[in-house]
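Undergrad: Here are the chains, one letter per residue:
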Amino acid sequence: EPEVTQTPSHQVTQMGQEVILRCVPISNHLYFYWYRQILGQKVEFLVSFYNNEISEKSEIFDDQFSVERPDGSNFTLKIRSTKLEDSAMYFCASSEGTAPYEQYFGPGTRLTVT
Amino acid sequence: AQSVTQLGSHVSVSEGALVLLRCNYSSSVPPYLFWYVQYPNQGLQLLLKYTSAATLVKGINGFEAEFKKSETSFHLTKPSAHMSDAAEYFCAVRPQGAQKLVFGQGTRLTINP
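So the sequence lines, in the order shown, correspond to chains A and B. Here the working numbering = 1-based position in the first sequence + 269. Here the working numbering = 1-based position in the second sequence + 1.
These are calculated hints, taken from the structure and not from any lab test. All residues carry an ideal CB built from backbone N, CA and C; glycine is no exception. One or more of the hints may lead you astray.
[To be verified] Simulated crosslink set (DSBU-like; lysine-lysine; CA at most 35 Å straight-line): (1) A:K311 - A:K326; (2) A:K347 - A:K326; (3) B:K59 - B:K70; (4) A:K352 - B:K70; (5) A:K326 - B:K69; (6) A:K311 - A:K352; (7) A:K347 - A:K311; (8) B:K70 - A:K347; (9) A:K347 - B:K59; (10) B:K69 - A:K347; (11) B:K70 - A:K311; (12) A:K326 - A:K352; (13) B:K59 - B:K69.
[Claimed, not checked] Anything over 12 Å on all C-beta distances counts as not near chain A; from chain B, calculated: (14) L8; (15) Q46; (16) T52.
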């Protein structure tokens, strides 16, 4: 069964460093998403991406974040200058279309900023 | 703004007992509703979804949920709990016209032997 994959599973970085989280969505899906879950808190939407551009974003998704689909299979989230509060589990998801299509989630990347 | 409330951050039931996980949403227009499950060290897996076709929705692993517009609820049930059901369960809504999912805070389900 097709699945969303994410690498790395765990990333440790120092404050101020840039990180890139990588995702491979399901191959025939057209919409891609990033969510994050700070420990003990809700899963929060960051951004959605369709047709090579951001289609929706939350107030969390500020200038330090960017997304890219560099090729036909990868979808990346870049955090330019990490802060301690960026420590969280980051989930990538993809869907065939918009509502009511469900979103399929990857296993997540745990980002620890020290 | 759309919000989701899951009553009970932690629910504990005995094996074989009824599972009831509560979810209420805030919306004047019925949104699309989902239940996801997260097993330890894994991603979110879709259990079931409501898209206005039928108010009683059946999902995987014997779970089902009933959409009640008058109560703005979408509670998840399973008649008989199994040890393998121990996990964290998330209710989510997709507001009309939006692509994002809005999640509840999650309910950790523990099954006692």
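Undergrad: Which numbered hints turn out to be false for this structure?
TA: Numbers 4, 8, 9, 10, 15 and 16, in rising order.
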